[in-house]
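K.L.:
As they're listed, the protein sequences go chains A and B.
Numbered by the numbering used here, the letters in the first sequence go through residues 1 to 67 in order.
Numbered by the numbering used here, the letters in the second sequence go through residues 1001 to 1267 in order.
What the hints contain is simulated information worked out from the structure, not anything from laboratory work.
Note that the Cβ used here is the ideal one computed from N, Cα and C, for glycine as well.
Among the hints, a few may not be true.
To give an idea of the chain B side of the interface with chain A (calculated C-beta under 7 Å), a few residues [as the list claims (entries may be wrong)]:
| no. | residue |
| --- | --- |
| 1 | Leu1054 |
| 2 | Leu1056 |
| 3 | Ala1080 |
| 4 | Leu1094 |
| 5 | Glu1097 |
| 6 | Val1131 |
Quick list of in silico lysine to aspartate or glutamate cross-link-like pairs, EDC-like style, CA-CA up to 20 Å [said to hold, decoys possible]:
| no. | chain 1 | residue 1 | chain 2 | residue 2 |
| --- | --- | --- | --- | --- |
| 7 | A | Lys31 | B | Asp1009 |
| 8 | A | Lys31 | B | Glu1086 |
| 9 | A | Lys44 | B | Asp1101 |
| 10 | A | Lys44 | B | Glu1097 |
| 11 | A | Lys31 | B | Asp1071 |
| 12 | B | Lys1132 | B | Glu1086 |
| 13 | A | Lys31 | B | Glu1097 |
| 14 | B | Lys1057 | A | Asp40 |
| 15 | B | Lys1186 | B | Asp1055 |
| 16 | B | Lys1132 | B | Asp1183 |
| 17 | A | Lys31 | B | Asp1101 |
Quick list of simulated restraints, FRET-style, between CB atoms [stated by the list, open to error]:
| no. | chain 1 | residue 1 | chain 2 | residue 2 | range |
| --- | --- | --- | --- | --- | --- |
| 18 | A | Gln51 | B | Asp1100 | 17 to 27 Å |
| 19 | B | Lys1057 | A | Thr29 | 15 to 25 Å |
| 20 | B | Ser1084 | A | Gln46 | 23 to 33 Å |
| 21 | B | Gly1155 | A | Arg57 | 26 to 36 Å |
| 22 | B | Glu1087 | A | Gln4 | 15 to 25 Å |
| 23 | B | Ser1113 | A | Ser25 | 29 to 39 Å |
| 24 | A | Arg57 | B | Gln1114 | 47 to 57 Å |
| 25 | A | Gln48 | B | Glu1040 | 35 to 45 Å |
| 26 | A | Ser25 | B | Glu1034 | 25 to 35 Å |
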Amino acid sequence: MQVQLNGEPHEFTTVPPTLANLIASLGFTGKRIAVERNGDIVPKSQYQVTQLNEHDRLEVIVAVGGG
Amino acid sequence: MVKDKAAEDRLVIAGREYRSRLLVGTGKYRDYDETRRAVEASGAEIVTVAIRRLDLKAGEHQQLLDILPPDRYTLLPNTAGCYSAEEAVRTLRLARELLDDHTLVKLEVLGDSQTLFPNMPETLKAAETLVKEGFQVMVYCSDDPIQAKMLEDIGCIAIMPLASLIGSGMGILNPWNLRLILDQSKVPVLVDAGVGTASDATLSMELGCAGVLMNTAIAKADNPVLMAEAMKWGVIAGRQAYLAGRMPRRYYDAQPSSPTQGISPLL
């Protein structure tokens, strides 16, 4: 399945295609991130039950150094 | 008595007390180790962070939040790089989710990439939405007392006018405007942006600011860790001088420090 991940096409094969599994494939399970799917924030509690669809637009957000 | 006053002096932000009145950013350091050492040396308890896309190409590396233990630092997510109210509100909603319902935030809406001067109409608009949504908003703004008052009336919990342009190190260009804002505000006023060296931080505090927020002055010093410590003492010195109350200025009238009586004349 292909989604848009942080503006880039991203192919993934995790089954089932939940947001939790996608995050696991990135190595970010339990890390401090925020996720937006098609413009809406997905709360952490919903990662397991959020099924991804072809062409979903996902933004994975972290805290970085800034002033 | 004044000594006691200084010992018990606390900065109160969103109902929480802080010993340090220096707030620091975490950008522009060589690496996270230098960031950590500089933040530690500064004594800061409130630390700003930016909200960005995860860099998928970078692979697995240390995350900023790993070096900033939440029990030690209050994180202040910012909206740096946002040029509209809509972008700023979105960024802070993401920050709230990222930091587990954290509502203390730094709002900045920029108007121009050359000067990074705030876009005040958009800042006011964003502040209104954020306050309604339950955020506790510390707001970067121009040093215009009228708009500072508008932000306070909206419900911002701290007013943070620029001393000079972000990252410029030009110091306090308009202390008189800062004084106007300080005199009218019932919430803490902090200098945000423009500090270049420790004396700028001291001067901000002598004017009566509740605190100073800086990043570049520390991160871009030749020795950031040493400058971080200098800033810590600069803020403390300025705060103590403010609490102590400076002597009046006497423009045309010298006053000897030594007794004028009992001078032994030449025999």
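K.L.:
All hints, please: hold or fail.
P.N.:
Structure-based check of each hint:
1. Leu1054: At about 4 Å, which falls below the 7 Å cut-off, the nearest Cβ of chain A leaves the hint on Leu1054 (chain B) intact, so it holds.
2. Leu1056: Because about 6 Å separates Leu1056 (chain B) from the closest Cβ in chain A, which is inside the 7 Å limit, the hint holds.
3. Ala1080: At about 5 Å, which falls below the 7 Å cut-off, the nearest Cβ of chain A leaves the hint on Ala1080 (chain B) intact, so it holds.
4. Leu1094: holds, 5 Å
5. Glu1097: Glu1097 (chain B) check passes; min Cβ-Cβ to chain A is 4 Å, inside 7 Å.
6. Val1131: violated, 19 Å
7. A:Lys31 <-> B:Asp1009: Distance ~37 Å between Lys31 (chain A) and Asp1009 (chain B) Cα, so the pair is violated.
8. A:Lys31 <-> B:Glu1086: Given pair Lys31 (chain A), Glu1086 (chain B) is violated - Cα atoms ~27 Å apart, limit 20 Å.
9. A:Lys44 <-> B:Asp1101: Holds: Lys44 (chain A) and Asp1101 (chain B) sit about 11 Å apart, inside 20 Å.
10. A:Lys44 <-> B:Glu1097: holds, 8 Å
11. A:Lys31 <-> B:Asp1071: holds, 17 Å
12. B:Lys1132 <-> B:Glu1086: Cα-Cα ~14 Å, so holds.
13. A:Lys31 <-> B:Glu1097: Measuring from Cα to Cα gives roughly 12 Å; hence the hint holds.
14. B:Lys1057 <-> A:Asp40: Given pair Lys1057 (chain B), Asp40 (chain A) is violated - Cα atoms ~24 Å apart, limit 20 Å.
15. B:Lys1186 <-> B:Asp1055: violated, 41 Å
16. B:Lys1132 <-> B:Asp1183: Status violated; Cα separation ~27 Å.
17. A:Lys31 <-> B:Asp1101: Holds, at roughly 15 Å.
18. A:Gln51 <-> B:Asp1100: 17 to 27 Å: Check passed, 24 Å falls within 17 to 27 Å.
19. B:Lys1057 <-> A:Thr29: 15 to 25 Å: holds, 20 Å
20. B:Ser1084 <-> A:Gln46: 23 to 33 Å: Hint holds: Cβ distance 28 Å, inside 23 to 33 Å.
21. B:Gly1155 <-> A:Arg57: 26 to 36 Å: holds, 33 Å
22. B:Glu1087 <-> A:Gln4: 15 to 25 Å: holds, 19 Å
23. B:Ser1113 <-> A:Ser25: 29 to 39 Å: holds, 36 Å
24. A:Arg57 <-> B:Gln1114: 47 to 57 Å: violated, 31 Å
25. A:Gln48 <-> B:Glu1040: 35 to 45 Å: holds, 38 Å
26. A:Ser25 <-> B:Glu1034: 25 to 35 Å: Given range 25 to 35 Å: holds, Cβ gap about 32 Å.
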